[in-house]
Amino acid sequence: MPNIAVFIEQRDGAVKKVAWQMLSEARRLADAGGGEVWAIHLAPAAGDVAAKAGAHGADKVFNAMDDAFTTYNSELWGTALANFCREKSPDVLLVGSTALGKDVAPKVAGKLGCACISDAVGLTHDGDWTVRRPVYAGKCFVELTPTGGPFVVGVRPNAFVIEEKAGAGAVEDFAASLDGVEPKATVARVEAGDGGKVELTEAEVVVSGGRGIKGPENYELIEKLAETLGAAAGASRAVVDAGWVDYSHQVGQTGKTVGPNLYIACGISGAIQHLAGMSSSKCIVAINKDANAPIFKIADYGIVGDLFDVVPALTDEVGKLKG
Amino acid sequence: MKIAVLAKQVPDSETRINLPAPAPEIDDSGFTRVLNPYDAYAVEEAVKIKEAGGEVEITAITIGPETVKETVKKDCLAVGCDKAVIVTDPALDGADEAAVASVLAAVLQKESYDLILCGLKAIDDDSGQVGILVAEKLGLPHVSVVTKLTLGDGSLEAEREIEGGKEIVNASLPALVTCQKGLNEPRLPSLPNIMKAGAKPMETVTCADLGLEPPANLVQVKTYSPPPARGECRLVEADEPAAAAKELARLLNEEAKVI
Ligand SMILES: Cc1cc2nc3c(=O)[nH]c(=O)nc-3n(C[C@H](O)[C@H](O)[C@H](O)COP(=O)(O)OP(=O)(O)OC[C@H]3O[C@@H](n4cnc5c(N)ncnc54)[C@H](O)[C@@H]3O)c2cc1C
Numbered sequence: 258m259p260n261i262a263v264f265i266e267q268r269d270g271a272v273k274k275v276a277w278q279m280l281s282e283a284r285r286l287a288d289a290g291g292g293e294v295w296a297i298h299l300a301p302a303a304g305d306v307a308a309k310a311g312a313h314g315a316d317k318v319f320n321a322m323d324d325a326f327t328t329y330n331s332e333l334w335g336t337a338l339a340n341f342c343r344e345k346s347p348d349v350l351l352v353g354s355t356a357l358g359k360d361v362a363p364k365v366a367g368k369l370g371c372a373c374i375s376d377a378v379g380l381t382h383d384g385d386w387t388v389r390r391p392v393y394a395g396k397c398f399v400e401l402t403p404t405g406g407p408f409v410v411g412v413r414p415n416a417f418v419i420e421e422k423a424g425a426g427a428v429e430d431f432a433a434s435l436d437g438v439e440p441k442a443t444v445a446r447v448e449a450g451d452g453g454k455v456e457l458t459e460a461e462v463v464v465s466g467g468r469g470i471k472g473p474e475n476y477e478l479i480e481k482l483a484e485t486l487g488a489a490a491g492a493s494r495a496v497v498d499a500g501w502v503d504y505s506h507q508v509g510q511t512g513k514t515v516g517p518n519l520y521i522a523c524g525i526s527g528a529i530q531h532l533a534g535m536s537s538s539k540c541i542v543a544i545n546k547d548a549n550a551p552i553f554k555i556a557d558y559g560i561v562g563d564l565f566d567v568v569p570a571l572t573d574e575v576g577k578l579k580g
Numbered sequence: 365m366k367i368a369v370l371a372k373q374v375p376d377s378e379t380r381i382n383l384p385a386p387a388p389e390i391d392d393s394g395f396t397r398v399l400n401p402y403d404a405y406a407v408e409e410a411v412k413i414k415e416a417g418g419e420v421e422i423t424a425i426t427i428g429p430e431t432v433k434e435t436v437k438k439d440c441l442a443v444g445c446d447k448a449v450i451v452t453d454p455a456l457d458g459a460d461e462a463a464v465a466s467v468l469a470a471v472l473q474k475e476s477y478d479l480i481l482c483g484l485k486a487i488d489d490d491s492g493q494v495g496i497l498v499a500e501k502l503g504l505p506h507v508s509v510v511t512k513l514t515l516g517d518g519s520l521e522a523e524r525e526i527e528g529g530k531e532i533v534n535a536s537l538p539a540l541v542t543c544q545k546g547l548n549e550p551r552l553p554s555l556p557n558i559m560k561a562g563a564k565p566m567e568t569v570t571c572a573d574l575g576l577e578p579p580a581n582l583v584q585v586k587t588y589s590p591p592p593a594r595g596e597c598r599l600v601e602a603d604e605p606a607a608a609a610k611e612l613a614r615l616l617n618e619e620a621k622v623i
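So the sequence lines, in the order shown, correspond to chains S and E.
In short: position in the first sequence from 1, add 257, done, that's this note's numbering.
In short: position in the second sequence from 1, add 364, done, that's this note's numbering.
Just so you know, these hints were derived from the structure itself, not from any lab.
Just so you know, not all the hints are guaranteed correct.
Heads up, simulated DSS-like pairs for lysine-lysine below, C-alpha to C-alpha not over 30 Å straight-line [to be verified]:
{"hint": "1", "chain 1": "E", "residue 1": "K560", "chain 2": "S", "residue 2": "K539"}
{"hint": "2", "chain 1": "S", "residue 1": "K554", "chain 2": "S", "residue 2": "K481"}
{"hint": "3", "chain 1": "E", "residue 1": "K560", "chain 2": "S", "residue 2": "K422"}
{"hint": "4", "chain 1": "S", "residue 1": "K539", "chain 2": "E", "residue 2": "K586"}
{"hint": "5", "chain 1": "S", "residue 1": "K345", "chain 2": "S", "residue 2": "K274"}
{"hint": "6", "chain 1": "E", "residue 1": "K586", "chain 2": "E", "residue 2": "K414"}
The following residues of chain E were derived to be distant from chain S, with all beta-carbon distances above 12 Å [to be verified]:
{"hint": "7", "residue": "E415"}
{"hint": "8", "residue": "V569"}
{"hint": "9", "residue": "L576"}
Cβ coordinates follow ideal geometry from the N, Cα and C atoms, glycine included.
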C-alpha cells in the first residue's frame with residue numbers, strides 16, 4: 258500500500274504544472290496499488306491550491322502555511338519537507354525537476370539520509386519501486402530501485418499526463434517546525450529575465466534555432482513562430498556560443514534537456530550533443546536545407562528547405578489555425 | 365583562502381551508447397574520457413579567484429580509477445589548481461550519488477576549505493545531486509546553478525539561474541557553489557603547463573586511508589535500456605515553401621495533434 262506524497266511548488270501564487278502532472282500519476286499508481294496520495298503545499302497562504310490538488314487526485318492536502326515560504330530558501334524548504342517525511346512516512350516524495358525542485362530534492366534526501374533519484378520519467382510499484390530515468394542526456398535509460406523509504410524522486414516536467422477528476426481532498430494543516438532553523442544562505446532578490454516568455458524545460462512546444470539562422474537579428478524568426486505556438490524558444494550551442502542568444506536558451510547535453518510534445522528544429526544539423534537534449538520530445542520537426550542533416554534521422558516530420566522561407570510561412574499557417 | 369574543486373571524469377559528449385537491448389551495465393570500455401564540462405567552470409572560477417590576488421590554494425578532488433590522473437593533470441593542475449587528491453578504490457565502482465557524496469565529504473573534512481566549487485551536474489549520470497548532498501553532509505550552505513559569483517569578506521553573492529530569471533543569493537563562507545555555463549569561459553591548458561603540472565602534488569588515497577568504510581549504495585541499478593525507437597521521418601514536399609508549410613501545419617494539427 259504505497260502512500261505517495263507530492264510537493265506542490267508555487268511561485269508568487271502560481272502552481273507549477275509539473276505538480277498537477279505528478280499528482281495525476283500518483284493517483285494512477287495509488288488506484289492500482291491501493292495507497293493514498295498526499296499533497297504537501299508550502300506557501301504563505303493556502304489560496305485555492307487544496308481544491309485544485311484534490312481535483313488532480315490528492316486524498317489529503319497538507320497545508321504548511323508560513324510567511325517563511327514567501328521567497329525560496331533551500332534550508333527552510335528542505336527542513337520542512339524532511340520534517341513532513343519523518344512525521345507522515347510516505348513511501349516516496351515526488352518533487353518536480355524545476356529550478357527549485359532540483360535544488361531542494363537532494364537537500365531533503367541529505368537530511369533524511371535516504372535515496373534520491375533525479376529526473377524520473379517513469380515510476381512503477383509492484384511491491385518494489387522502479388524508477389525510470391534518462392542518463393547520458395537521453396542517450397539511454399536506466400531503471401533504478403531505491404533501498405528503503407521514504408525516498409525522494411525528482412520528476413521531469415511533461416513526463417506525466419494531467420488528469421482532472423471531480424473530488425476534493427481532505428485538508429489538514431501541517432506545522433513545518435522551522436523554529437531554530439537559521440539558513441546560512443538566503444535569496445536577497447529575484448530578477449526577472451525577459452518576462453512573459455514560456456520556460457524551456459516546462460514548455461509543451463519548443464522552437465529552436467541553429468547556426469542556419471545566420472545571425473542574431475534572425476532569431477526573431479524563431480521567436481515569432483514560438484510566440485504564435487505559445488512555445489518556448491531554444492537554440493543550439495552554436496548559436497549560444499556565437500553570442501546570438503543567452504545560454505539559458507541552449508538545448509542539449511550541456512544545456513537544457515527538454516521533452517515537449519512538439520520540438521521544431523530550424524537550421525540545426527542535429528549533432529549528438531544537441532539530440533541528447535531533445536530526443537525524448539514526443540514529436541520532432543526538422544527544417545533544414547540539407548537533406549542529409551542528421552536531425553532528419555530522429556525527426557517525425559521534415560521539410561528540406563530554406564528556413565528563411567519556411568519558418569515565416571509556417572508562422573502564418575499556425576496563426577491561421579489558431580485563429 | 366582554501367578552495368576545493370570537486371571534479372569528475374566523464375565520457376566525452378560525442379560518446380555513442382550502443383545498447384541493442386536492455387542490459388545490467390553499459391559497456392564503457394571504449395569511451396574517451398574527459399573532464400565533466402560543468403566541472404571546467406568550477407576549475408576556471410577557482411583559478412580566477414586565485415589570479416585576483418591574495419593567498420589562495422586550490423585543491424582538485426576526484427574519485428575514480430588510476431586513469432583519472434591524466435584528466436586531473438591536464439584539466440585541473442595544468443590550468444591552475446595547486447594540488448589534487450584522488451580517491452581510487454575498487455569498492456567505489458558503481459557508487460551512487462549518496463556514496464560519492466559521503467566519500468567527498470570525508471576528503472573535504474581533512475582540511476578546512478572556505479569555498480567548495482563543483483559542476484551543477486555530471487553529463488553521464490545527469491543527476492545534479494552530489495554537490496548539494498556534500499554541502500548538506502558538511503552542514504554548509506550551498507548555492508546551485510550559479511552563473512555569477514562575487515566573494516566578499518567571509519561571504520559570497522551568487523546569481524543562480526531560475527525559470528525566466530535569476531535569484532541573487534547571499535551566503536556565509538564556508539559554502540559550496542555548483543557552477544553553470546555562463547559563469548566563465550574555461551581556458552585550455554598549454555603544453556608547457558601540462559608538462560609542469562606533473563610536478564604538482566597528486567595524492568592517491570583509498571577509503572581506508574580516509575578512515576571510511578566504503579559507503580553502501582541507496583539506489584540499485586536494475587537495467588539500462590536504449591531510448592524508445594523513433595519512426596521514419598515523413599518529408600513534406602511541395603513546389604513552394606508556403607505550400608509545404610501549410611501541409612506541415614495541417615499534419616501537426618490533424619495527424620500528430622500537437623498544435
Ligand atoms: C562538450 C560539448 C558539449 C556540447 N553541448 C551542446 C549542447 O548542449 N547543445 C548543442 O546544441 N550543441 C552542443 N555541442 C555542440 C555540437 O557538437 C554542435 O556543434 C552544435 O549543436 C551545432 O549547432 P548547429 O546545429 O546550430 O550548427 P551546425 O552544425 O553548423 O548546423 C547548421 C545547420 O543549419 C542548416 N542550415 C544552414 N542554413 C540554412 C537555411 N537557410 N535554412 C535551413 N537550414 C539551414 C545547415 O544545413 C546545418 O545542418 C557540444 C559540443 C561539445 C564538444
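A quick look at each hint next to the structure:
For a cut-off of 30 Å, the pair hint linking K560 of chain E to K539 of chain S is broken: about 50 Å separates their Cα positions. Between K554 of chain S and K481 of chain S the CA atoms are separated by roughly 26 Å; this keeps the pair inside 30 Å, and the hint holds. As the CA atoms of K560 of chain E and K422 of chain S are separated by approximately 67 Å, the hinted pair breaks the 30 Å bound. A distance of roughly 25 Å separates the Cα atoms of K539 of chain S and K586 of chain E; the hinted pair therefore holds under the 30 Å criterion.
In summary, the hint linking K345 of chain S to K274 of chain S is supported, as the alpha carbons are separated by about 24 Å, within the 30 Å threshold. The straight-line distance between the Cα atoms of K586 of chain E and K414 of chain E is roughly 44 Å, outside the 30 Å bound, and the hint therefore fails. The claim that E415 of chain E lies off the interface holds: its Cβ sits roughly 23 Å from the closest Cβ of chain S, which is beyond the 12 Å cut-off. Every CB of chain S is more than 12 Å from the CB of V569 of chain E (nearest about 23 Å), matching its label as outside the interface.
Distance check on L576 of chain E: its Cβ is at least 16 Å (rounded) from any Cβ of chain S, clearing the 12 Å threshold; non-interface status holds.
Hints 1, 3, 6 from the earlier list are contradicted by this structure; the remaining hints agree with it.
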